[in-house]
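**Q** Could you build all of it, start to finish, from the sequences and the hints given here?
There are 2 protein chains.
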Amino acid sequence: MKKTLAALVLVSLSGAVMAQALTPEEMIRTRKSGYRFMDWNMSKIKANLDGNFNKDQVAAAANLVAATANSGMGALFGPGTDREVGNEKTRVKPEFFQQPEKVRELAIPFIRETNELAKVAAAGDAEAIRTQFAKTADTCTACHRQFRNR
Amino acid sequence: MKKTLAALVLVSLSGAVMAQALTPEEMIRTRKSGYRFMDWNMSKIKANLDGNFNKDQVAAAANLVAATANSGMGALFGPGTDREVGNEKTRVKPEFFQQPEKVRELAIPFIRETNELAKVAAAGDAEAIRTQFAKTADTCTACHRQFRNR
Chain A
29 MKKTLAALVL VSLSGAVMAQ ALTPEEMIRT RKSGYRFMDW NMSKIKANLD GNFNKDQVAA
89 AANLVAATAN SGMGALFGPG TDREVGNEKT RVKPEFFQQP EKVRELAIPF IRETNELAKV
149 AAAGDAEAIR TQFAKTADTC TACHRQFRNR
Chain B
29 MKKTLAALVL VSLSGAVMAQ ALTPEEMIRT RKSGYRFMDW NMSKIKANLD GNFNKDQVAA
89 AANLVAATAN SGMGALFGPG TDREVGNEKT RVKPEFFQQP EKVRELAIPF IRETNELAKV
149 AAAGDAEAIR TQFAKTADTC TACHRQFRNR
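As given, the protein sequences belong to chains A and B, one line each in that order. For the record, in the first sequence the residue sitting at position 147 is 175 according to the working numbering, with numbers rising by one throughout. For the record, in the second sequence the residue sitting at position 135 is 163 according to the working numbering, with numbers rising by one throughout.
No lab work stands behind these hints, which were simulated from the structure alone. Please note that the accuracy of each hint is not assured.
Copies of the same chain look alike in the list, so a pair counts if it fits in one copy or across any two.
To be verified - Calculated lysine-lysine pairs in the DSS-like style (CA-CA distance at most 30 Å, straight line):
1. K163 to K147
2. K74 to K60
3. K147 to K117
4. K83 to K121
5. K147 to K121
6. K83 to K130
7. K83 to K117
8. K117 to K163
9. K130 to K147
10. K163 to K130
11. K121 to K163
12. K83 to K147
**A** In structure tokens form, the structure reads like this:
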């Protein structure tokens with residue numbers, strides 16, 4: 029499991045290769061898409077925890093969240109994506125590009141907790157999911173607070 | 029495995045509940061985000077098959093594709109999302125909303141083949157992945173041809 033997580037982190041934080049095919053505008057658009065779709069899935073989990081709990085829906089949403097975290101989004105923060113490009117605005121702060129070690133420090137728990145969320149969600153215990161959902165959301169907030177403009 | 033797929037199809041094709049919280053404009057934006065991010069991950073798999081093959085990157089991308097297919101995107105095609113709304117254009121054809129049985133016929137193989145792609149990708153054999161990637165892409169194309177404007 030540790031080896032798997034290490035591999036995931038490596039894939040997620042590296043992988044600048046793939047981004048070469050995308051323009052800065054496309055990178056911004058693509059990463060915003062990933063965050064938006066992940067957010068929709070986080071919202072579904074929350075709605076399930078606050079209302080009618082559907083185990084299958086929660087597990088599917090948690091898988092999407094983990095898969096997004098594991099997808100190597102770091103490659104979408106390439107050169108020239110630190111400001112508005114073409115039609116794509118970005119809320120990322122310039123510090124994000126100047127502090128890769130700090131980004132990594134925030135990305136590792138994000139990847140770890142989303143993967144744990146997928147695991148806990150597959151087991152289907154609502155209270156365990158609630159706890160792990162909160163831990164996961166905290167890792168989102170930690171990065172937003174540091175590196176995202178309001 | 030069959031039971032799991034059946035559950036996934038059910039979650040993916042139903043689930044109008046969650047969409048109630050979103051406006052038609054948000055539904056269109058969210059589904060376009062999901063397709064865009066999935067497309068990025070399909071492109072990564074293709075680039076790996078055409079160039080340097082990185083097993084971990086392919087497996088991660090395939091997981092994202094399957095998780096997107098399993099996420100219940102059907103809920104994002106709610107009432108009022110059959111045309112441009114606010115700032116969100118959509119390429120979906122009106123027939124999509126008039127032929128739910130045909131949509132289901134196209135969605136089932138899409139979900140099945142993406143999940144198979146994730147499974148094959150986890151095993152890591154490039155030629156098997158190439159074959160399954162093509163089968164998966166065919167299910168995308170089948171729906172685009174029928175229900176998406178150029």
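**Q** With reference to the structure, classify each hint as holding or not holding.
**A** A quick look at each hint next to the structure:
1. K163 to K147: Answer is both; intra-copy 14 Å and inter-copy 29 Å each pass.
2. K74 to K60: both (21 Å within a copy, 22 Å between copies)
3. K147 to K117: This pair counts as neither: shortest intra-copy Cα distance 34 Å, inter-copy 36 Å.
4. K83 to K121: neither (37 Å within a copy, 32 Å between copies)
5. K147 to K121: This pair counts as neither: shortest intra-copy Cα distance 32 Å, inter-copy 38 Å.
6. K83 to K130: Between copies, since 27 Å is at most 30 Å while 35 Å is not.
7. K83 to K117: Classified as neither; 36 Å inside a copy, 33 Å across copies.
8. K117 to K163: The answer is within: 29 Å in one copy meets 30 Å, while 36 Å across copies does not.
9. K130 to K147: within (27 Å within a copy, 34 Å between copies)
10. K163 to K130: For K163 and K130, the Cα distance is within 30 Å only inside one copy (19 Å; across copies 41 Å).
11. K121 to K163: within (24 Å within a copy, 41 Å between copies)
12. K83 to K147: This pair counts as both: shortest intra-copy Cα distance 12 Å, inter-copy 22 Å.
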